[in-house]
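Based on the provided sequences and hints, a complete structural model is requested.
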Amino acid sequence: KKIKSLPNPTLPKNPAETDGPKTEERPKWDNKAQYLLTCIGFAVGLGNVWRFPYLCQIYGGGAFLIPYLIALVFEGLPLLYLELAIGQRLRMGSISVWNSISPYFGGVGVASQAVSFLVGLFYNTILAWVLWYFFHSFQEPLPWSQCPVIEDQTGYVPECEASTPVNYFWYRETLNISPNVETSGSLHWWLVVCLGAAWCIVYICFIRGIETIGKAVYVTATFPYLVLTIFLVRALTLPGATEGLRYLFTPKWEILENPQVWLDAATQIFFSLSLAFGGLIAFSSYNPEKNNCERDAVLVGCINSATSLYASIPIFAILGFKATSNYNSCLESNILALTNKFDIADQNMTIENYDSWMDYLTEMAPEQVAQLHLRECSLQTFLDQSASGTGLAFIVFTEAVIEMPGSQIWAVLFFVMLFSLGLSSMFGNLEGVLTPLLDLNLVPKWMPKELFTGLICLLSFSVALIFTLGSGNYWLEIFNSYVGSIPLLIIAFFEIVAVVFIYGIRRFSSDIEFMTGRRPNLYWRVCWMVISPLMLLVVFVAYIAVQVQSHPTYPAWDPEYEKFPLPWVQPYPDWVIAICVLLAGVPVLPIPLVALYQLVKFLISRQKRGSRHAPNNPYTNQAFEM
Numbered sequence: 001k002k003i004k005s006l007p008n009p010t011l012p013k014n015p016a017e018t019d020g021p022k023t024e025e026r027p028k029w030d031n032k033a034q035y036l037l038t039c040i041g042f043a044v045g046l047g048n049v050w051r052f053p054y055l056c057q058i059y060g061g062g063a064f065l066i067p068y069l070i071a072l073v074f075e076g077l078p079l080l081y082l083e084l085a086i087g088q089r090l091r092m093g094s095i096s097v098w099n100s101i102s103p104y105f106g107g108v109g110v111a112s113q114a115v116s117f118l119v120g121l122f123y124n125t126i127l128a129w130v131l132w133y134f135f136h137s138f139q140e141p142l143p144w145s146q147c148p149v150i151e152d153q154t155g156y157v158p159e160c161e162a163s164t165p166v167n168y169f170w171y172r173e174t175l176n177i178s179p180n181v182e183t184s185g186s187l188h189w190w191l192v193v194c195l196g197a198a199w200c201i202v203y204i205c206f207i208r209g210i211e212t213i214g215k216a217v218y219v220t221a222t223f224p225y226l227v228l229t230i231f232l233v234r235a236l237t238l239p240g241a242t243e244g245l246r247y248l249f250t251p252k253w254e255i256l257e258n259p260q261v262w263l264d265a266a267t268q269i270f271f272s273l274s275l276a277f278g279g280l281i282a283f284s285s286y287n288p289e290k291n292n293c294e295r296d297a298v299l300v301g302c303i304n305s306a307t308s309l310y311a312s313i314p315i316f317a318i319l320g321f322k323a324t325s326n327y328n329s330c331l332e333s334n335i336l337a338l339t340n341k342f343d344i345a346d347q348n349m350t351i352e353n354y355d356s357w358m359d360y361l362t363e364m365a366p367e368q369v370a371q372l373h374l375r376e377c378s379l380q381t382f383l384d385q386s387a388s389g390t391g392l393a394f395i396v397f398t399e400a401v402i403e404m405p406g407s408q409i410w411a412v413l414f415f416v417m418l419f420s421l422g423l424s425s426m427f428g429n430l431e432g433v434l435t436p437l438l439d440l441n442l443v444p445k446w447m448p449k450e451l452f453t454g455l456i457c458l459l460s461f462s463v464a465l466i467f468t469l470g471s472g473n474y475w476l477e478i479f480n481s482y483v484g485s486i487p488l489l490i491i492a493f494f495e496i497v498a499v500v501f502i503y504g505i506r507r508f509s510s511d512i513e514f515m516t517g518r519r520p521n522l523y524w525r526v527c528w529m530v531i532s533p534l535m536l537l538v539v540f541v542a543y544i545a546v547q548v549q550s551h552p553t554y555p556a557w558d559p560e561y562e563k564f565p566l567p568w569v570q571p572y573p574d575w576v577i578a579i580c581v582l583l584a585g586v587p588v589l590p591i592p593l594v595a596l597y598q599l600v601k602f603l604i605s606r607q608k609r610g611s612r613h614a615p616n617n618p619y620t621n622q623a624f625e626m
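Just so we're aligned: the sequence shown equals residues 1 to 626 in UniProt numbering.
Worth double-checking, as some hints may not be accurate.
Stated by the list, open to error - Restricting the straight-line Cα-Cα distance to at most 27 Å, the calculated cross-link-like pairs of lysine-lysine (DSS-like) are: (1) 215 - 290; (2) 449 - 32; (3) 449 - 28; (4) 32 - 215; (5) 28 - 445; (6) 28 - 252.
None of these hints come from the bench; they were simulated from the model.
Take a look at the structure:
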């Protein structure tokens, strides 16, 4: 008697054998350049321009590069290599990849898909804001350069006068923001129009999948580097640029003692590379099997980090220019007050000799100088005024552009660059949603792919309308903080576990040898088996510990606040905290739920097999043949 060999449901056959004819039908990139540009465009996004410079600013300039590079080497690159390799070898979307490795890990792909969908909602809203600013960048003068006049023409709008024209245009003219997250307000038609335009552009570029994406990335992935280079040349010629660069590259070593620095460095490199979204797995699945994915991973990872540093140079040069301008304006206002008080205009009191004049007047007439309530002017203070995310793009940078000659040109270039960065990242988010559905044949056969893609974009646009409310900016920050944080850490951890300990590190190494011609070296294997999962666990625990130590707060823009224009830092209401917990937890719920479903399914099937194979069962010998 010969027993039939039954396949192990937790381990797939060789992918080259299981795919069969389907592998030939799978779309492919026209050339290697399209693939690399798409991966680079997905990894290099808005975070490289406004998150990385912010972290450098608050964490000691050059000192931050040390934990950042450590995280890149031992966390970012190994995870990037793993995703590109497993996608290329199994040639499937994120759900099919993990389901084929083990049905118990099928929820990992569903979680990636959920995160990609939720992140795409608010990410494209940022592109809608960019479009709004882009349309207004052609005006002369720029609309955020001066306060609007009230209707009776007797003065300026009080809210603008109390803050700045740049802040007023952002918070009132663009967002028309509500005073707190609990006050929703109404839909703002101008943001709805811009949001619709942003989704239409994404749909047009994505309508034929990689066929149209591959063409679009020639522009979206390369144009930002051209604009950054133009800004670099211009920024280095601005007065005060050296002060900004000195601030960037002067390390403050003592700040490395702060554990928060290492936590932020680990999360920045992780999210900057767009890991665990499923988009990179989908992109690599369109590669030929014989492709050096190791070289691709190193190339994409290094270009991503180099771009962050390259973008920081013109940004800090411009921030240095802005700080110098504010510092000079501060001194000029003090000089005007002093010359009017002491009648010393004819004695040529200037910015250059301000310090010596102040020492003289303070010594000669200290009481009269104190009565003037002069502003405290410090270049270091202006350089320390940090801004991240939307604050850097729509407040700090737009304010600096006003002072630059030909401000309209620089504004147009800046917002076109931001839109290109965001658009190429949106390709990866949408790919992480669509490809798994197509691979699982969940799209009705009668429905064209173009129509299905349009329905997904329409659904995303409808849900994202929440961000066009008066409280939309508050909700966008909530989505950004909780959807794009804990879920990605959990997903990446289970990805490593699935590949290394279920699929098997030896088998995975053999697959890589088949694709690249050589087995992964000791560095890659040690990172996959020990260092990377351990770092993910440490970052996850540290992140949770930081979150539970204090009640979450948010800065609100409220003109009725007694200290306005300072932001009113308010605690989140309990019901908002509950939503934050849901946003962080619901996307990863498929991981345990699918595993539990498969376990129950296995136990039921085993029970049925046991009853069939009982001694009085006539079908006991069905699995045998003579």
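(request) Given the hint that residue 28 pairs with residue 252, test it: the Cα-Cα distance must not exceed 27 Å. (result) Between residue 28 and residue 252 the Cα gap is close to 48 Å, so the pair fails against 27 Å, i.e. violated.
(message) Between the alpha carbons of residue 449 and residue 28, is the straight-line distance 27 Å or under?
(response) With Cα atoms ~16 Å apart, residue 449 and residue 28 stay inside 27 Å; holds.
(message) Just to be careful, I want the Cα atoms of residue 28 and residue 445 compared with a cutoff of 27 Å; is the pair within it?
(response) holds (21 Å)
(request) Compare the distance between the alpha carbons of residue 449 and residue 32 with 27 Å, and conclude whether the hinted pair is satisfied. (result) holds (24 Å)
(request) Measure nothing beyond the straight line between the CA atoms of residue 215 and residue 290; if it is 27 Å or shorter, mark the hint as holding. (result) The hint holds at about 23 Å.
(request) Quickly compare the C-alpha distance for residue 32 and residue 215 to 27 Å and report which way the hint goes. (result) Roughly 13 Å separates the two Cα atoms, so the pair holds.
Comparing the model with each numbered hint stated earlier shows that hint 6 is the single one that does not hold.
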